[in-house]
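Residue numbers (this note's numbering), protein chains in the order written: chain G, 1 to 365; chain W, 1001 to 1343; chain Z, 2001 to 2310.
Any given hint might turn out to be false.
With a Cα cut of at most 20 Å, we get these calculated SDA-like pairs of lysine to any residue [to be verified]: (1) G:Lys-22 x G:Lys-284; (2) Z:Lys-2220 x G:Asn-150; (3) Z:Lys-2157 x W:Ala-1307.
Computed from the model, here is a short list of chain W residues facing chain G with C-beta under 7 Å [said to hold, decoys possible]: (4) Phe-1013; (5) Ala-1014; (6) Pro-1015; (7) Gly-1260; (8) Ile-1262.
Please keep in mind that the hints were generated in silico from the structure rather than gathered at the bench.
Where is the CB? At the ideal position from N, CA and C, for every residue including glycine.
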Amino acid sequence: MDKILQVKDLNISFHTFSGEVKAIRGVNFDLYNGETLAIVGESGSGKSVTTKAIMRLLPEHNSEIKSGEILFDGKDLTKLTDKQMQKIRGHDISMIFQDPMTSLNPTMKIGNQIMEPLIKHQNMSKHSAKERAIELLKLVGIPKPEIRINQYPHQFSGGMRQRVVIAIALACNPKILIADEPTTALDVTIQAQILELMKDLQKKIDTSIIFITHDLGVVANVADRVAVMYGGKIVEIGTADEIFYNPQHPYTWGLISSMPDMDTEDEELYSIPGTPPDLLDPPKGDAFAPRNPYAMKIDLEQEPPFFKVSDTHYAATWLLHPDAPKVEPPEAVKRRQSQYVGTVGVASGAAKLEKSQSPGIKEGK
Amino acid sequence: MSNKEITISKDMFAPAHIDPSKSEKISKTSLNFWQDSWLRVRKNKGAVVSLVILVIMIIMAFVGPLITPYAYDDQNTKHNNLPPRIQGLENVDWLPFDGTLTRRNGDVYNAYEVKKAEDSYYWFGTDNLGRDQFARVWKGTQVSLFIAFMAALIDMLIGVAYGAISGFIGGRTDGIMQRIIEVIVGIPNLIVVVLLMLVLKPGIIPIIIALTITGWTSMARVVRAQVLKFKGQEFVLAAKTLGAPNSSIIFKHMIPNMFGVIIINTMFSIPNAIFFEAFLSFIGLGLQEPHASLGTLVNSGFKSMIAFPYQMIIPSIMIALIMVCFNLVADGLRDALDPKMRD
Amino acid sequence: MVKYILQRVGYMIITLFIVASLTFFLMKLIPGSPFNNFEKLNEVQRNILLDKYGLNDPVPVQYYNYMVNMVKGDLGISFQFDNTPVTELIANRIGPSAQLGLQAMIFGSLLGILLGVIAALKQNTWVDYGATFIAVVGKSVPSFIFAGLMQYYISVKLGWLPVMLWKGPEYTILPTIALAMFPISIAARFMRTEMIDVLGSDYITLARAKGASRFQISVKHALRNALIPVVTVLGPLAVSLMTGSLVIEQIFGIPGLGEQFVKSISMNDYPVIMGTNILFAVLFVVVILIVDILYGIIDPRIRISGGKAK
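Okay, chain G solo, but in the shape it has when bound (with noise of 0.2 Å):
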């Protein structure tokens, strides 16, 4: 498998008032040619910074991009120029938003915001163009195209303004997408109906997709790899099937306890305490180590690397280091990796420590 995005040690900080947030603090993730990679964390832990990052889109007057790479096609996005970036967005990468309701321009025609990219990048003629986002509205499932082509965005439901939002963005076959939460705004019977129509446009399409949410269920619906992340880093990362069913990291132990599933009984919900650290002055050791029950002394003083559950699965805690005391995840937990074939790491024996800086999928190149 190729990939064909690398985000390497990224760091970014946003200067304030009250003085510098460090936002994002190291990280590192791969995507692969055609696989829908999801990243999952609460507010604030800088899911959205990161891809608003990977497209260049933070606010120039108080954001900073302090070190690390991300490379694409070849190049570094973040060495590249606002007018080179121009001509990737829309075009090479694409990205859709929270909100449908205020994503589109409301006094623009719905045809021309679809017209624009197509004309900007493909150099089509207003002719072609008009056809094509004809098309487009047609292939994702928008009935008598040819007359809402004229019609303005208040004239669309919610459901139906995201579906102009997809087609906007997939005007020009983009190579990733990036979906920033695209459904949380939505009802969840429309939820399903968008996350369908993603999955079916990715197989048409062949484009890779970076999905954001922090609603386990979505990402159990359409992600092939899971990253976890917290505090402006990823703390866990591997296949859907292993973050579900054998997660390594207390985080994400939190998140999939505190999701009630068929098998949950009269047990009370699992809530993880506290707020999210303050990113202001950041903490010293690991981030979650003030909520976390599991915490360990030397979580207080540094944070922990990657260590290798398997070859498509790391998590950044102390609990898999040889010295590690054993421990007993939460039942709901423990409950799931019953179910999963081949259990390594935390409840059955140390894991391998390795300080890989890059996890992902070894083979091929």
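With chain G held as given, fit chains W and Z onto it using these hints.
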């Protein structure tokens, strides 16, 4: 990233004692509303500088006429139309305080010598009746500021009362009261003011009346909006449940929460009043001789602009300065007190 | 939409009625007489004069006559310029005022909008602070102060432009600038706020994500949306021009309505005062109405579904 190779000893893996209350701690110190606003005002340099200038001007408005040996209405026709001259600065060429005037053909002459007044120093010069401009300008500032403050105060009182009552009672009464405001707002301010000044003889009180008759409407609207917002909130409900009478609810509970918008609105109406007063004076409906206000000074100065420019320029600059400073301070206050712009 | 317009027109009529009545009654209250040397005439002569102008009738009768005549378009006869109908006087004078007003309005709004857009695009830089400062000064300093200072420094001292009168295009420059200062600053302020607001919205971020260039975003996307609310400011701007024109015309000796109005005040020429008053009120009210309707048309959200904006 902590890549220091500290040897990891086994005892570091002992469980840590986490104090759960610490994880709920909010790390930023909390400030009350006024402290927060004051901090924000202070950051706005324009507003701060303006405030300082205004304070100086207000002080001078009282002190000014006292520190000069001439009274504002003393006439000395032999010393009329003298340009500004300040001891100590009179030999500085490029400053306009050397007592010289330029004739049409470019000749520069020392007016004090010509009028045989070498021993007199008029810091801002004199007008065509020989009255000391320095005293008159500060006296005029006094009058203009007084009119403006009074008008703003009355506007505030009427506006707050009207808006609070209208909003609080609600229903039909509110509807009627709002219609009345709409009609009043629809009538051009200018026309009402001019008409009133024609009927009432010009003077300080009539001007104040003319200014306040229509000036209270914006305050009333703003206050009413706030009252409507508060009416639905629980602290009002709580007060009612405890048996508070309506007047107490309005005055002790709601209005203290509105001080921000009230102050802002009042701050903006002051320059408005100064403007109107100056305007009225300029078209001849303002104060009459020998009273001085900045408006009348500009008006009379205007007539002799070509020969004696300083008579117009000095009061003009004063008005301009006051207006700009008030507006900057009001802007700064609004930015600081507007809750939507919190961090 | 239609209901809305009808409601506004209704208000308009009520307002005009009140203004006319107010004007009439206040005029009646002014002490003294509009006629020169009234005291020197004897009883009979006075009565002749009063009768001629209908001033001997009981007040309600005068009021009724006045209102009826006004609706017919007859605003009476000027006291100053005997036998000249007020309407004629006004018609003669409207030209220069209209020209000045339009020039100031167009110049002011355009320049103001441009300043506001630039300030918003270069937010928090020196360009922004400079533009904002100009806006504050323009808004605070009364137009006649500007006029006076400009007249002195540019006309008298530098001699670049004529001091006063209205004899050709170059005569209109200084008055237009003086009158336009206020509209410039209001438009700039408003445009800047709206532009910054729009630039922060989601659809602008989406436009950037589509790869649109800075220019395309500012002009094609942002400007269109930011301009819409600015239309609402045009009404008060027009009003300020009317107020300003009174003084500007005096200062520059322009033979317009404003100058007429001020003269008639000092001469106690009731019919002219009342007539001009009514005219101002009508202009004012009509402009506001037009602006309200315009706003409804420009915003597609209101135009197409009659729905509420934002």
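Evaluation of the provided hints:
{"no.": "1", "hint": "G:Lys-22 x G:Lys-284", "verdict": "13 Å, holds"}
{"no.": "2", "hint": "Z:Lys-2220 x G:Asn-150", "verdict": "17 Å, holds"}
{"no.": "3", "hint": "Z:Lys-2157 x W:Ala-1307", "verdict": "11 Å, holds"}
{"no.": "4", "hint": "Phe-1013", "verdict": "5 Å, holds"}
{"no.": "5", "hint": "Ala-1014", "verdict": "6 Å, holds"}
{"no.": "6", "hint": "Pro-1015", "verdict": "6 Å, holds"}
{"no.": "7", "hint": "Gly-1260", "verdict": "21 Å, violated"}
{"no.": "8", "hint": "Ile-1262", "verdict": "27 Å, violated"}
Checked against the numbered hints above, the structure breaks hints 7, 8 and satisfies the rest.
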